[in-house]
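*Asks:* Each chain is listed here by its residues.
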Amino acid sequence: MSTLTERWVNLRDREAVGDALSPAELAAVGEIEGIDPEVQAYVAQMRELETYLEGKHGEHPTTPDHQLVLRALSAVQLDSPSPRVQAIDHDRELARAADPEGPGWIRLAATSLSVGMTVAAALALIMYEPRSLRRGVPAKAATVAGPPLEAMVAAPKPKVEALLQVRTSERGARLRRGHTADVVLPGMLLGQGDRISSGEKVGCFVIEGHLEFCLAANSVTVLKALAENNLLLELERGHMSVHASAANPQRRFAVMADEVEVRAQSPVAFGLEATADKGVVRARVLRGRVRVSADAQSLEVGDLKSAVYRRDTRELDTVDLAPGPAQHEWELIGTGRLGASAAALWSTPDRAKASATEGDVEPALTAGAGQQQVQAPREMMQEAWELLKAERWQEAAEVYKRIADEAPESEESHIVLVRLGDLLLERLADPAGALVAFDRYLREGGGPLSAEARHGRITVFRRLGRAADERAAIDEFLRLHGKSTDAPSLEARLRVLSPEAP
Amino acid sequence: MNSDDHVSRRAVPAADAKYSGPDVALMRRVAAGVPDAQEELAERLVMRVRRGAHALMRGSADADDSAQLALIEILRSAHNYSGRLSLEHWADRIVGRSVVRFSRAVRRRAGAFATGTAEDESTLERSDRPPRNLDECLGRLPMTAREALLLRHAFRQSVEEIAELTQVSPDTVRDRLLVARKEFRRLAPAHQRELASLVGTTDRRARGAS
Numbered sequence: 254m255s256t257l258t259e260r261w262v263n264l265r266d267r268e269a270v271g272d273a274l275s276p277a278e279l280a281a282v283g284e285i286e287g288i289d290p291e292v293q294a295y296v297a298q299m300r301e302l303e304t305y306l307e308g309k310h311g312e313h314p315t316t317p318d319h320q321l322v323l324r325a326l327s328a329v330q331l332d333s334p335s336p337r338v339q340a341i342d343h344d345r346e347l348a349r350a351a352d353p354e355g356p357g358w359i360r361l362a363a364t365s366l367s368v369g370m371t372v373a374a375a376l377a378l379i380m381y382e383p384r385s386l387r388r389g390v391p392a393k394a395a396t397v398a399g400p401p402l403e404a405m406v407a408a409p410k411p412k413v414e415a416l417l418q419v420r421t422s423e424r425g426a427r428l429r430r431g432h433t434a435d436v437v438l439p440g441m442l443l444g445q446g447d448r449i450s451s452g453e454k455v456g457c458f459v460i461e462g463h464l465e466f467c468l469a470a471n472s473v474t475v476l477k478a479l480a481e482n483n484l485l486l487e488l489e490r491g492h493m494s495v496h497a498s499a500a501n502p503q504r505r506f507a508v509m510a511d512e513v514e515v516r517a518q519s520p521v522a523f524g525l526e527a528t529a530d531k532g533v534v535r536a537r538v539l540r541g542r543v544r545v546s547a548d549a550q551s552l553e554v555g556d557l558k559s560a561v562y563r564r565d566t567r568e569l570d571t572v573d574l575a576p577g578p579a580q581h582e583w584e585l586i587g588t589g590r591l592g593a594s595a596a597a598l599w600s601t602p603d604r605a606k607a608s609a610t611e612g613d614v615e616p617a618l619t620a621g622a623g624q625q626q627v628q629a630p631r632e633m634m635q636e637a638w639e640l641l642k643a644e645r646w647q648e649a650a651e652v653y654k655r656i657a658d659e660a661p662e663s664e665e666s667h668i669v670l671v672r673l674g675d676l677l678l679e680r681l682a683d684p685a686g687a688l689v690a691f692d693r694y695l696r697e698g699g700g701p702l703s704a705e706a707r708h709g710r711i712t713v714f715r716r717l718g719r720a721a722d723e724r725a726a727i728d729e730f731l732r733l734h735g736k737s738t739d740a741p742s743l744e745a746r747l748r749v750l751s752p753e754a755p
Numbered sequence: 004m005n006s007d008d009h010v011s012r013r014a015v016p017a018a019d020a021k022y023s024g025p026d027v028a029l030m031r032r033v034a035a036g037v038p039d040a041q042e043e044l045a046e047r048l049v050m051r052v053r054r055g056a057h058a059l060m061r062g063s064a065d066a067d068d069s070a071q072l073a074l075i076e077i078l079r080s081a082h083n084y085s086g087r088l089s090l091e092h093w094a095d096r097i098v099g100r101s102v103v104r105f106s107r108a109v110r111r112r113a114g115a116f117a118t119g120t121a122e123d124e125s126t127l128e129r130s131d132r133p134p135r136n137l138d139e140c141l142g143r144l145p146m147t148a149r150e151a152l153l154l155r156h157a158f159r160q161s162v163e164e165i166a167e168l169t170q171v172s173p174d175t176v177r178d179r180l181l182v183a184r185k186e187f188r189r190l191a192p193a194h195q196r197e198l199a200s201l202v203g204t205t206d207r208r209a210r211g212a213s
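Protein chains in written order, with my numbering: chain A, 254 to 755; chain B, 4 to 213.
Treat each hint with caution, since some may be false.
Sample of chain A residues at the chain B side, in silico, Cβ under 7 Å [claimed, not checked]: (1) ASP266; (2) GLY271; (3) ALA273; (4) LEU274; (5) TYR295; (6) GLN298; (7) LEU302; (8) GLU303; (9) TYR305; (10) LEU306; (11) ASP318; (12) LEU321; (13) VAL322; (14) ARG324; (15) LEU326; (16) VAL329.
Just the calculated beta-carbon pair ranges, DEER-fashion [stated by the list, open to error]: (17) A/THR304 with B/VAL171: 44 to 52 Å; (18) B/LYS185 with A/LYS477: 40 to 48 Å; (19) B/ASP39 with A/ASN483: 22 to 30 Å; (20) B/SER161 with A/SER551: 53 to 61 Å; (21) A/SER551 with B/ARG31: 43 to 51 Å; (22) A/THR304 with B/ASP39: 23 to 31 Å; (23) A/GLY735 with B/HIS92: 34 to 42 Å; (24) B/ASP178 with A/LEU733: 26 to 34 Å; (25) A/ARG748 with B/ARG159: 29 to 37 Å; (26) B/ARG189 with A/ASN483: 37 to 45 Å; (27) B/ASP178 with A/SER275: 20 to 28 Å; (28) A/LEU750 with B/HIS92: 51 to 59 Å.
Within a straight-line C-alpha distance of at most 16 Å, the following computed EDC-like cross-link-like pairs (lysine to aspartate or glutamate) qualify [as the list claims (entries may be wrong)]: (29) B/LYS185 with A/GLU268; (30) B/LYS185 with A/ASP266; (31) A/LYS531 with A/ASP573.
The hints are simulated quantities; they were obtained by calculation from the structure and are not laboratory data.
Positions of the beta carbon are idealized from the N, C-alpha and C atoms, including for glycine.
Here chain A stands alone, though its shape is the one from the complex:
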C-alpha cells in the first residue's frame, strides 16, 4: 500500500467510526482520491457498497415481490394487535394453500390458531379488494375459492429500468450531481432525472461503454430518460460534445436543448451548444448522421455540417462546418476513450476541406484552443494512469514530468509532483529524482499532501544514507505534523539517529 493510499485509508477509517475530519484532512482526502488510482479503486468499491440497496434484490428469493407486497398490505389493513406473528403464519399458510396440486385455500379450515388467522386474512383481502387483486382479474375470481394465489394475483407490472449503470470517465473529471452536489465518481450510479454539471472545468461521463458525453465548463445536462428503448439527455446550459461509438437500432438516443432535439441516426460525434438565453441552438456534426428537429421542422445533418436554430425567426438551417483544428478540439473535448481521438475524427472524410477556411466558426468557439490547454493535463493524467496499469513505470514517470513541466499553471502539475516522487522512489530506484519532486511540491507552497511530501523526503534521505538530512527532515516533520499517525515511528527513528536525544 502506498503512502498516499495508507493516509487515505486512515482518514476514511476515522470518518467511518464517527471522527470528524478537519477541513485540511478533508481536502487531503479529496486530493488523494483525485490522483491515486489505488484509492480510486477503493472509492469505487465503497460507492458500490453505499448504493448496494439500489441493486436488484437478494439471492434466490423464495417469494415473488408481488406476493410479499400483498401479504404486507393485508397485515397492515387487518391492523392486528400481533402483526408480526400473524403476518408470518399467514404468509406460510397461504404459500401452502397456493400449491396448485392442493384443494384450494378456502379448505384450510381452521386446524390451528394460525390457520384460523390465515382464513381471516384471506377474507379481509377479499373485503378490502386491494388493487393488486382487482388488476386484470375478474371481480368474482377474487371471491371464488379454488385457484392458487399466484393465479389470482395479476402478473406484476413490467418495471421500467429507471436506473442504469453509468460509468463515468476515469480521467478525474469533477462533474457533480445536481441535487446533492456529490462529485460523480467512476462507477457511480446515476438515475433518471439526475442533473449533472461541470463547474469550472470540463468533465466527461460514459454511459454503457459506448456513449460519451463531455460537458464544457459551466454546462449542465439532465438525464431525462434512461429506459431500455429510449435514452434522452437535455442540455440545460452550455456546451456538450457527444460521441456514440455504436448505434443500437432498438434504442432511441437523442439530446435536446430547449425546443431542439438531435437524434442519432448512426455512430456519431457531434457537439450541441445553446446560448445563455437559448435564443440560438447549434448542433455540429463531425462524423455520422443526426436528425435535428425543432418547431415542426426536421432535417438530417451529416459529416461536417452544422444545424442552427434561431428562436426569434423560428428557422432551422444547415451550414457547412469548416473549422480549424482548434474548434474540433473544442467540439470533442475529451473524446478518445471510446476509440477515436479528436484528430482522427476531424481528419476522416474531409480533412483538407476542414483545414481550408474558418467558415462557420462561432465567436464562442474560437476560444477552443484555450480550453484545450485546460484539458491537456487531465488527458495526460489519464495517459499516466494507463501506463501505470501496464506497469510501464518509466513512461508513466515521464508523463508526470511532462505534466509538471508543460502546464506549470495547472492544478494537476502541482499535485502530480507527490505521485511522481512516490513513483521515482518506489518503482524506479531514483531517490535523487524523487527528492527534486518532493522539494518542488513544498517549494511551490505545498498543500494537502505536504505531510506525504515531507515523509517522502525522509525516506529519500534514509535511502541515500544522509543521516543528518534525515534527522533534520524528521525534526521538521514532527514540528509541522506532530499529530500524524507516523509521528510515533518517526520519533523512534529519531532516537536511533540521535541516541543522545531525550
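Could you slot chain B onto chain A? The hints should help.
*Replies:* Below, chain B without anything else, positioned relative to chain A:
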C-alpha cells in the same frame, strides 16, 4: 436519532422538510390508510427492502420473512415521515433496525447467541477463488463484521445507533467496523483489486521508517 426515525407523532416544522412534495403527500395518504397509496409505497420499496434483508440475513431461510416485517413496519410508520430524508433513505433505516432485531430473535430461538465466534464462522462463505463481485465479498465476511459494515455504509446508521441495535458498546462497533473495512478492502472484487495492485504495492513506510 433522526426525527424521521422517531416513533413519536410530533409535528416536524415545515422548514426541516428537505424532501417535500409528492413523497410527503404519498406518505400522508399511506398514514391515512388509503389502500392505493399503501400499495404504491409497498411496490416502490419492496425490491430495496428485500435486498437489505437478504444482505443482513445472508443465507437465512427467514430473510423473506424479515423483509415482510420490515415492509409492514414501514407502512405503519408512515405518519412519522417528515420529508427530512429521502423516502428511500428513511425506509432503509427502518429496514436496518427491523431486520437486525428479527435476525437476533431468530438466532436467539436457535440458541446461537451463546457462541458468537462459532456463529460467525458458520456463516462464512468459503472458496478458493477470489470474490467476483460485491455480494461474494460480503459473503466472505464474518457475520458481525458484515452486519456492522452494511448498517454503517448501506443503511447509513451511526456508530451509536448500531451499538444500540446490536447490543454492544460503541467501541466494539468501531472495532468491528475497522476490521470489516480492512477485510473488505482485501476482498475487493477482482477487477477492482487489479486496479488497486497496479501502483504503490510496496509499503514505503514499513520499510523506510521501521
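*Asks:* Would you mind marking each hint as holding or not holding in the structure?
*Replies:* Each hint tested on the structure:
Hint status for A/ASP266 relative to chain B: holds, with the closest Cβ pair at about 6 Å, below 7 Å. Hint status for A/GLY271: holds, given a least beta-carbon distance of 5 Å to chain B, under 7 Å. Below 7 Å, beta-carbon pairs count as interface contacts, and A/ALA273 has none with chain B, the closest being about 12 Å; its hint is therefore violated. With a cut of 7 Å, the hint placing A/LEU274 at the interface with chain B is violated, because the nearest CB-to-CB distance is about 15 Å.
Taking 7 Å as the C-beta contact cut-off toward chain B, the hint placing A/TYR295 at the interface holds, the least distance being around 6 Å. Satisfaction of the interface hint for A/GLN298 is found here, the shortest Cβ-Cβ separation to chain B being roughly 5 Å, below the 7 Å cut-off. For A/LEU302, the shortest C-beta to C-beta distance to chain B is roughly 5 Å, which falls under 7 Å, so the interface hint holds. Hint on A/GLU303 holds. Least Cβ distance to chain B is approximately 5 Å, under the 7 Å limit.
Interface hint status for A/TYR305: upheld, as the beta-carbon distance to the closest one in chain B is roughly 4 Å, under 7 Å. Against a cut-off of 7 Å between C-beta atoms, the interface hint on A/LEU306 holds, since the closest Cβ of chain B lies about 5 Å away. Checking A/ASP318 against chain B: minimum C-beta separation of about 5 Å stays under 7 Å; hint holds. Here the hint on A/LEU321 is kept, as its CB sits about 6 Å from the closest CB of chain B, short of 7 Å.
A least Cβ separation of about 4 Å between A/VAL322 and chain B falls short of the 7 Å threshold, and the interface hint therefore holds. Taking 7 Å as the C-beta contact cut-off toward chain B, the hint placing A/ARG324 at the interface holds, the least distance being around 6 Å. Given hint, A/LEU326 at the interface with chain B, holds; its Cβ is 6 Å from that chain's nearest Cβ, closer than 7 Å. At about 4 Å, the closest approach between the beta carbon of A/VAL329 and any beta carbon in chain B falls short of 7 Å, and the interface hint on this residue holds.
Taken as a hint, the range 44 to 52 Å is violated for the pair A/THR304 and B/VAL171, whose Cβ atoms sit roughly 27 Å apart. Distance hint check: the CB atoms of B/LYS185 and A/LYS477 are about 42 Å apart, consistent with the given range 40 to 48 Å. A beta carbon spacing of about 27 Å between B/ASP39 and A/ASN483 agrees with the range 22 to 30 Å that was offered as a hint. At roughly 55 Å, the beta carbons of B/SER161 and A/SER551 sit within the given window of 53 to 61 Å.
Look at A/SER551 against B/ARG31: about 45 Å separates their beta carbons, and that is inside 43 to 51 Å. In this structure the supplied range 23 to 31 Å holds for A/THR304 paired with B/ASP39, their Cβ-Cβ distance being about 29 Å. Checked against the given bound of 34 to 42 Å, the beta carbons of A/GLY735 and B/HIS92, roughly 39 Å apart, stay inside it. Taking the beta carbon of each, B/ASP178 and A/LEU733 are about 31 Å apart, inside 26 to 34 Å as hinted.
For A/ARG748 and B/ARG159, the hinted distance range of 29 to 37 Å is not satisfied, since their beta carbons lie about 44 Å from each other. For B/ARG189 and A/ASN483, the hinted distance range of 37 to 45 Å is satisfied, since their beta carbons lie about 41 Å from each other. The beta-carbon spacing between B/ASP178 and A/SER275, approximately 24 Å, falls within the hinted interval of 20 to 28 Å. One distance hint, 51 to 59 Å for the beta-carbon pair A/LEU750 and B/HIS92, holds here, with the actual separation near 53 Å.
Proximity of B/LYS185 to A/GLU268 is assessed by CA-CA distance (about 14 Å); at most 16 Å being required, the pair is judged to hold. Pair hint B/LYS185 plus A/ASP266 holds up; C-alpha atoms about 9 Å apart against a cutoff of 16 Å. A C-alpha spacing of about 22 Å is found between A/LYS531 and A/ASP573, which places the hinted pair above 16 Å, so the restraint is violated.
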